[in-house]
Every structure is written in C-alpha cells, then in structure tokens.
Amino acid sequence: MEKKKIIEFKGIRKVFPGVVALKGFDLAIYEKEILGLVGENGAGKSTLMKIMTGNYQPDGGQFLLRGQPIVLGGSMEAIEHGIGMVFQEGSILPNLTVTENLFLCHEKEFSKGWFISESAMVAEARKALEENGLDINPTTLCGNLSPAQRQMVEITRLLWLSRLYRHENPILILDEPTTVLLEKEIKTLFEILNRIKEHATVILISHRLEEIIENSDRIVVLKDGDYVTEMPGKAADIFKIEQLMVGRDMVEGYYRRNEQVDPTDTVVLEVKDLAIESILEPISFTLHKGEILALVGLIGSGKEELVKCLGGSMQATQGSIYRNGKRISIKQPKHAIAHAIGYIPIDRRIEGLATDLDIADNINMLVYKKLKSRGFINKRKERDNANHWMGVVKVKATSHRMKCGNLSGGNQQKVVLGKWLSADAEILIVDHPTRGIDVGAKDEIYHHIRQLAKQGKSMIIMCDTLEEDIGLCNRMLILKDGKKVNEVSCPPDAKPAPTDIIESIV
Amino acid sequence: MKTKNSRSLENISTLRSKVSASAVGKLYHSIPISGQIISLGIVALIFSLGTNGQFLHISNIMTVLGLSAIPMILCLAVHQVIILGAMDLSLEGIVAITAVSAGLLLKNSVTANDVGLWIIPIVMLIGGLAGLVNGLLNTKLRMPSFISTLGMSWTLFGVAIMISKGSSIPLRDLRFQKVIISEFLGIPTVFILAILLGLVLYIMQNKTKLGKHMYAIGGNEILAKQAGVKVDRIKISIFGLTGMIYGLAGLLLVARLNSSAARYGNNLLFPAMTAVAVGGVSLSGGVGGALNAVIGTIIVVALNNGLVLMQINPYMQSAVNGIVLISAVALTIDRNKIGIIK
Amino acid sequence: MQKDGIGKQPAIKRIKGRVAGLPAISYALGMLVLFIVIFAVGSATFLTRYNMLTIGNSAAILLAVAMGQVFAILTGGIDLSVGGIMSLVSVVLMKTLEPLGFWAYWLSLAVGIAAGFLNGLINSRFRIPSFITTLGSNGIFMSIAYMISIKPLSAPSSSFGVLDIVNGTTLGIRNIMLLGVLIFMLFFVIQRYTITGRNIMLLGSNEKMSWLSGVDIFKVRTIAFTLSGFGAALAGVMLASNLYSGYPTLGTVYILNSIASVVIGGTAMTGGAGGVLNTLVGVMVMSVINNGMNIIGIDVYAQQSFLGVLVIIAVAISFDRSKLSVIK
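Chains as they are written, first to last, in the numbering used here: chain C, 1 to 506; chain R, 1 to 342; chain Z, 1 to 328.
Heads up, a few of these hints could be off.
[Claimed, not checked] Taking lysine-lysine pairs in the DSSO-like style, the calculated list, with each CA pair at most 27 angstroms apart, reads:
(1) 208(Z) - 334(C)
(2) 370(C) - 331(C)
(3) 219(Z) - 334(C)
(4) 308(C) - 442(C)
(5) 219(Z) - 372(C)
(6) 372(C) - 208(Z)
(7) 219(Z) - 370(C)
(8) 223(C) - 45(C)
(9) 219(Z) - 379(C)
(10) 108(C) - 207(R)
(11) 208(Z) - 331(C)
(12) 127(C) - 184(C)
(13) 112(C) - 207(R)
(14) 480(C) - 240(C)
(15) 50(C) - 225(R)
(16) 108(C) - 225(R)
(17) 331(C) - 219(Z)
(18) 108(C) - 230(R)
(19) 95(Z) - 370(C)
(20) 208(Z) - 403(C)
(21) 208(Z) - 369(C)
(22) 208(Z) - 396(C)
(23) 50(C) - 230(R)
(24) 369(C) - 381(C)
(25) 369(C) - 219(Z)
(26) 225(R) - 112(C)
(27) 112(C) - 230(R)
(28) 495(C) - 289(C)
(29) 308(C) - 208(Z)
(30) 442(C) - 208(Z)
(31) 454(C) - 396(C)
[What the hints assert, rightly or not] Example chain R residues on the side facing chain Z (calculated, C-beta under 8 angstroms, incomplete):
(32) 144
(33) 154
(34) 155
(35) 157
(36) 159
(37) 315
(38) 319
Don't read these hints as lab results, they were simulated from the structure. Bear in mind the structure is a predicted one, so any value in this text is a computation, not a measurement. Cβ atoms here follow ideal geometry from the backbone N, Cα and C, with glycine treated the same way.
Excised from the complex, chain C in its bound form (with noise of 0.2 angstroms):
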C-alpha cells in the first residue's frame, strides 16, 4: 500500500553556536502511520519537532509540508496548518474547565454578538471528547482531571483545532507522553492513539523503546544530529537500535583513562535497602574511599532520585544511610553537607550558583565560618581562600570579584567544583558534570574528577553518554524501573563494551 508523504525533509540543517543540531538529511513522514522518532539526549529530536511546530528555522534544507515548502513563524501558525504538539509538562490550563480549554482562543465559533453560548460550547465538547472515545465531563475544571485525562484534553483539543481548519490529515506530535501516565493509561493511551491514525499521523517521541517498538508503524533512528536509519516497528529489536543510538568508538585516552586509580577498601557510603514509594525499590551499595561510582538507567529508572535522598533535596520513605559505619540521617541538603556530602547539580545557573555575585562569594559560601577574623569576616581571607580554589580548579577569569554569570560554562562548573572541595566536601555527587560544556573544557573537568580520586574523594556520577559513564568510573551501578538491575565494574584496563550494558538497561 502507497501512502501519500505528508512532510518532507530534504537537506534538513540547523545549527545554534557552537553545535550543529541537524547535520542535513533527508526524511519524510507519511500520511495515517504512528512514526517513532528515537534517539540519545542531544541526537536531534527535539530540534526538528521545533523546526515542524514552527519555534524554530531551519538554517538551510527544505521542509515541505502536503508537498508545499513551508516557513511557519510560531506554535499557532502550526497548528493553522494542522499541525499541532503535545508538550511533556502539558499546556492544559488548571483554572479552566475541559471546554474552556478545549475552545481557548477559538470561542468566536461559539459567540453571537459579544456574547459566548456556553451551552453550544459544552455541546461541542462533548462531541468532540465522545469521537476520541473519552469519558470525560465537559464542565469539570481541569485540574481535577487526572494527567492522562488532561492529556487526552489536549490531543482532542489539536484535532479538533485541525478540523476547524480543515486539514484531513492532522499531524501529532507527542513528546514524552508516558511519563506521568499509568500503566492502565499507557494502554489507553496507545489504543486511542491507533485509532486517531486512522484519519491522522502522530509523531511518537519517547525514551521507552519497548512502547516505540509495540505502537510505531515506522522507527527512525537520530543520532548527533544525524539520521541513522529507519525500520519498520514490529520487527524492530530494542539491542539494536540502543547501538544505533549509541554506538560510537570509544577513544583510547579520553576520559583519561591512564589516570583512573584503583579506589581503597574503607567504605564511605553505605546505602541499605534505601526506597521512595513508588519510585525506587530498596536499594543498596557501598561506595569507597577515591572511587568514582556511575549510576546508569533511563529516565524514569529512579538515579536521579536517588542521589537526590543522598544530596538531602528529596526524602527516602525507608532505609538508611551509613557514612563512615556510623548511621546518618539527611532530611536537608544541610545535613549532607554536614556530612562532608555535595552536590553538583545538572542546571548549574538555576541549582549551583548565585550569578548576580562574583567568583570568591560562590566559593566562599559553605566556609564563611573558616574565614572569620575577630567574629566578623576578613577580607583578605576570603580573597585568598577564593584565590586558592581558583588555582586549584583552574579557574580563567581577570579577578575573584568577576561576576559568575559573566563566566563560560567551563569555568561555571570549576566554580562549583572549586566551592565544595573549599568545603572539604569528601563525596560528591555530580549530576552530569560536563552538560552544556565544550570539548577543550570537558577534559579539564575530567582531570579534575581523576585528580580528586587520586586525593581519596569519593564520587558519584551521572553523565550525559554511556561511553562518559563508562570511560570516567571504577564500578558502575545499573538502574532499571526503579530497580538495581546489573552493578559491573569498569578497571581502565578491561572497560565493558557500551552494548554490554545496553542489555541491561533497557
């Protein structure tokens, strides 16, 4: 069967400063199929969704839509065009009722004069809903619904937008859509998703392969801006498309490799049977005196919650915490540092640093208390404590006065590095330590990790690839669902292939 392409890419490209987002393919997308669309952090995906809901322009290529070569200046002038997005955080307004959403900016079809029948709008709402098969009351106010039924809201909303403008064939785009959805919803979700394929095509973007996999007609593989292949859905194998995501050769000597030490035997950490409801199921492990300790998993898998029990800004429901074989409890992210624990947080500018203050406050700021003279703080101690740190991590900038939203990426998260080992943090925790960063100052921060391992810190990363996961740790610790599924050790020497762990975490 020939099915008419409704969007076509040819030479697609867009480029920020710095990185090229989309290197220039070609691709195209059909009318009536469920497309999925995968690919690592960064390989793609959601410039080109922004490209297709007209939040961004593509720098050069072609993107004809109904065959047509088509600039669209914003999310409305898409969804003109019948094209229309559902976002992951949802845009359905809580104070509204569903058909006050469903309607917002279009109550003009439903007005007569100055004024909006009510009555017609609900009557239409309640059509619109029963055609998607949704059981949902028209008058309740949205934030009363469940976030299946909000999402449901919006994508009935989008259709219904895309028939006001008379578009046969509607394209859906849905970002994430499982991720606050419960198993039963998912299952809902995807029947009512086939069904809308029949007079529509949707758009699947999601990091759980196996939902791709069941629902997509068509499997597109992105990665580092680029199209890999595409397969049909069925038959896909979930292995290999991960390496196909990933697969990229690992470099002799990145991550510096040669520098890794072999950790000592004194734990530092213990973590027994630490749980979150519903999130993580009880999990433990030690973590050594100079290791460096990876957790790996997908979104979703529970690591980034639970270094947050760690760092103090979440609270485990059950288990405990062992520092040094003494119990501890961390119920604020004060009491971890009062453990000699930090945190390196993944959004440096929002979580990491005050930007309105210079270089020497963001340093200083968990010492102050080392740097009192007399019972009021000294000057000169702080400017030479900052000093220190600053050549520690090898900080560039003019001055300790210079301001931190005035410095690059790079030298942002030396600050932050510099102002907990200022604090003599002992374990650290570092959340995607060279997110946003360049490569010249990747390096750095990874000498930096393998010297503070070196000097007996102990770690726990997350990063932002497997092969940095991998190339950085001494031992890693795989996450599945909330589950501690594999835990494999990483010796410089006999570093396990990215495939390998692959097949654990997914």
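Fit chains R and Z to the known structure of chain C by using the hints.
Frame of chain C; chains R and Z shown alone:
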C-alpha cells in the same frame, strides 16, 4: 455556571474533601460561594449575639449594604487585575486624582466649571488612562506590577493634592448627592449601582472571550500565550478597565460627601485588598470572580460594622482587617504556582 | 532555558544598552551630583552650613529605616510595615519615657525588633508574600499604636534630658548625625562581614541554590525582616525624640521614602544585588531632593509625585527581568 464558580473553592480542598461525601456537602458545592456565605453567617451570628440582635436589624442591614457600596466597586475593580495574577496598588492614587478632578469640574465653589453629567465619562477617562499606564508599565516595560502601581499611586496622589492645593472643594451641584443617598424599594441606590456593576463584570467574566482569556492568563501566562491568547493586549485592557472603575468610585465618593479632596483616596486600598482575599479571589491568579468580590466586601464591611456596634475601639478595626487579610491570603493562595514566596 | 524568559524588551534594551557596564551605584551618585548642582544654582541657601545640617538631620532618620528596608528588599521581598513600626515605636517611647527613663529606648527598640520578627515569621513560615504580610501587619501595628494613644503624645518635660541621647551634641556634632553614622556602620558590617549578611545576599540571588548549599532560608528570611523592623525602630525613636512627640501616623511617609531610597540607590527589587552602600547614596539623593524642593518652594506633594516617578524609573532600569519568566 456551576463549574466556573467552583473555582473559588479550589483552594479549600481539604475542607472540601471532608464535607463532599455528605448531603450537606452536595449543597455546599452547588452554591458557588458557599465558603464565603458560611463566613458571613458566622460573622452575623457572632455580632447578633454580641449586640442582642441589633446587628441583624433591617435598618442595620441596609446600613451595611449602603456602606459596602463604594468599597465593593473598588473591590470589583481591583479583583480584575488580581485574576490576571498581577497586582494593582494604584487604587488610592487614581481615586484621589479622579475625586479631585470631579470636584474641580462639577459646579463648585472654587472654579467656574460645570460639566454636569459629562463628568461620568470624564472620570472614567482619567482613571482609564492611569490604568492604561499601569498596564503599559507592566507589559511593555516589563516591570512587576506591584511596584509600578505603587509608584503610580504616589505620583497620582501627589498630583491630586497639587491641583486641589491640598484643600477640600465643596460642590454646589446637589444632584449627584441626591442620587447617592436615595433609596430604591428601601435599598440604598448606590448599593444597587454596585451590584449592577458586579453583574456586568460577572457577565463579562463568564460570557465573553475577554473574560475567558483573563482566566487563562491568571492560570498560566506562558501557556495562555502559547495557545494564542493576546496576553499583553488583555492585560493592558484589564488594567485600563480597572482604572475606569476606580474613576467611577472616585466620583461616587465625591458625590456622597458633596465635596472633594485628595485625601478621599486615603485608606481605601487596605479594605479592598482584604475584601478580595476574604471573598476567595486567589492572589496567585485565575481563581474567583465578581461574585467573590461582592460577598468579600460585604463580609469585611459587616465585620467592621459589627465591631462598631459592639463598641470596640474603632482603631482596632485596622488590626482586625490586617489579621483577616493575612489569614485569608494564607488560606487562598496557591503556593505551588507562585513558586518562591518573596 | 532561562533565556526564554527574557522575551522581548525593546524599550528597556535601548535604555540598558546605552548605560550598560556601569554599576548601579554610579547612576545614583550621578543623580546626587546633578541634584546638588541644580539646587545650589537654584537657591542661595541650599549650600549653607545650616541647611547642610538640616539635610543631615533628616537623612539620619531616613537612613535608619532605609538600612532596614534594604535587607527586606535584598531577599527579594519588601517591607510595607516600616511606617507602622515607626509609629508604634514612637508611641511606645513617649508613653514609657517617664516611668522607664532611658530604658524606654531599649523597650521601644525591642518592640520594633519583635514586630519585624513577626513579619519574617509570617512571611517565611506561612509562606505569604511579603507585600501582603507587611501590608496587613502595618495595619495591625498602627492599630496597636492607636490603642495605646489616639492623641499625639508629647514627651514630658521632665524627660527632656533623656532625649538628649538623640538631640544633644557630642564634641560639637549633633548626636543624631553620629547615630546615623553608627547605624550605617552597623548595617554595613552586618551585610558585608557577617555570615547572615552574606546569606541574605545569596538567598536574594538564588534561593534554590542557597537551600541546596545548606542555607537555612527560613531563618535568613526571618532575620532580614527582623533587621528591617530594627531599622524602623531606630528611625522611630530618632524621629520621636527629635519631635519630642509620638503619634500613630508618624511613620507613614517613611514607607514610600525608604523604598524610594533603596531603589534609587540601585538595589534591585529582585533581590541579591545592591545593598547598604547603595542605599546610603539613595538616602542622600532623597534627602537632597526633599530639602532642595522645599527650599526652592516646590509643594510637598509635588515632591511625592516626583518621587513616585523616580521610583518607577529606577526600578525600570535596575529590575533584572531575566530572573523571572513571567512579570506579574
């Protein structure tokens, strides 16, 4: 219209879950402002016990309604901005300037002006322009509304005193006062005016596109913008509309006292904000409407009237209002939505 | 991600583009010089010794309340109750002067500190925005002042000696000015040289990060508002002593004036930038404007309008829009 009004109950969800199962609970939900009616009932009960029933005497009820008219109009004005999730503290300044303008433009003993009924569009225009500036400062210069409107309030108050030369201007046109102090079927006319205004705003909020979009902005400005709501334009119009209503209130104040002075603007903001909060209009935006503003004002005025009847030190009133304001906000604010509380 | 919030800001961008790079305090200093020149040219009496002393006198009081206010604003909040606190404190001082003598000062300051502590507690523990908390508590403080005395209270002549702590002179300098200098030094040291001061800056700059770095944000916020109450209390006793009286509306104008001083000095309403030194300059600008306008015969209320406009302009320039995704 049940659904729209149940907004006001959103934030007392704990109370709600407790009562929802029972028959009383059903009744509670079927009336849009049940929570506020219960508060009013409690206020009435306490004061009628405290004053041997004097509080609930028909003449006192009419007094309360008459007294609540102008605060109600102000509350109806300011609650519109609060639905947007913004804040308007320019009330006193705008009322002062419109009051003084009315005093100088109507037949008075200082100037030779007499614009007669034209004064109504004139005060609305003055107030509306001031409101427009508020809206422009917020949307185009992207300043937080609570500080820009505070600055506006000071500015306009100063201007009002300057043009009135700091003194009262007695009016010589008695027609307006006559309307204000008259009664219709035993109900103070000015109260009827306030209720009519409430009705107009209620219809606007529930039956027009502008109203729906106001709530969308209050719910989440970014999402509303994504959906195609013309956020800036609506914010500016609502600030402008609010200013126009302040202008009307300024005129009514002048008419009631048959004279005008800038200080008529004093001490109006605080009761209006208290009424907004007590009525269940959430300061975080998007929740509550004209009905809430109306009942909120009646509660606040009844409370103050009751304190007077019980011969409680009149200066305690602002303390009572302060406590009521803080507690009402504590109950209605959606802390998840405003994120960090500053 | 954060950049999304900046959105379009054409008018502002143009203004900012031209003056970018200069620290906020330089605008305030420029303004100070400008106004001094204007008034010196406009009036022969402005630069006289006597007038300078008058300016110093009023500046000392404004300085005290603004020094407190700036801590509330540095956390990203605002304190609208400084007027109520000043009034309450003035009434308490005058009421207790006779029985307590010098101790009345300590009592009055304690009342102001307690009032500020209450603000901080309500703001941080019940999580109510500070402008509502303090709008409400301002009413409460004024009410209490009214309950203590409806009529203005005058200092009993037997206690005039006690008031010399403010009104007297030491080594030929008026005590009130010495107090002003001491207060400035005290708050300067608190902001720059104590952990609490540093934590207030951190909190205002990035609250989430502060919490993740172990700062007790409830405590710090409460302390900031307590300091604001302390500043208002100092101003209240200084003003009451200066006037030999206290009454329940004494402090009202200082709400506007303290906020104006802080923002004119260049402290951002978003918190975390600016501080005590900026506010000192802001207070000087305010005092010069008030005095100069009086001298060249501009109506008191025209001054209020002028300040309102100045505040709007100062905030429009200094407000950090990238910090908030939505400006409400």
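Taking the hints in turn, this is what the structure says about them:
no., hint, verdict
1, 208(Z) - 334(C), "holds (13 angstroms)"
2, 370(C) - 331(C), "holds (25 angstroms)"
3, 219(Z) - 334(C), "holds (13 angstroms)"
4, 308(C) - 442(C), "holds (24 angstroms)"
5, 219(Z) - 372(C), "holds (21 angstroms)"
6, 372(C) - 208(Z), "holds (25 angstroms)"
7, 219(Z) - 370(C), "holds (21 angstroms)"
8, 223(C) - 45(C), "holds (9 angstroms)"
9, 219(Z) - 379(C), "holds (25 angstroms)"
10, 108(C) - 207(R), "holds (11 angstroms)"
11, 208(Z) - 331(C), "holds (16 angstroms)"
12, 127(C) - 184(C), "holds (24 angstroms)"
13, 112(C) - 207(R), "holds (10 angstroms)"
14, 480(C) - 240(C), "holds (18 angstroms)"
15, 50(C) - 225(R), "holds (17 angstroms)"
16, 108(C) - 225(R), "holds (17 angstroms)"
17, 331(C) - 219(Z), "holds (17 angstroms)"
18, 108(C) - 230(R), "holds (14 angstroms)"
19, 95(Z) - 370(C), "violated (46 angstroms)"
20, 208(Z) - 403(C), "holds (19 angstroms)"
21, 208(Z) - 369(C), "holds (21 angstroms)"
22, 208(Z) - 396(C), "holds (26 angstroms)"
23, 50(C) - 230(R), "holds (22 angstroms)"
24, 369(C) - 381(C), "holds (11 angstroms)"
25, 369(C) - 219(Z), "holds (17 angstroms)"
26, 225(R) - 112(C), "holds (25 angstroms)"
27, 112(C) - 230(R), "holds (21 angstroms)"
28, 495(C) - 289(C), "holds (21 angstroms)"
29, 308(C) - 208(Z), "holds (14 angstroms)"
30, 442(C) - 208(Z), "holds (26 angstroms)"
31, 454(C) - 396(C), "holds (23 angstroms)"
32, 144, "holds (6 angstroms)"
33, 154, "holds (3 angstroms)"
34, 155, "holds (3 angstroms)"
35, 157, "holds (6 angstroms)"
36, 159, "holds (5 angstroms)"
37, 315, "holds (3 angstroms)"
38, 319, "holds (3 angstroms)"
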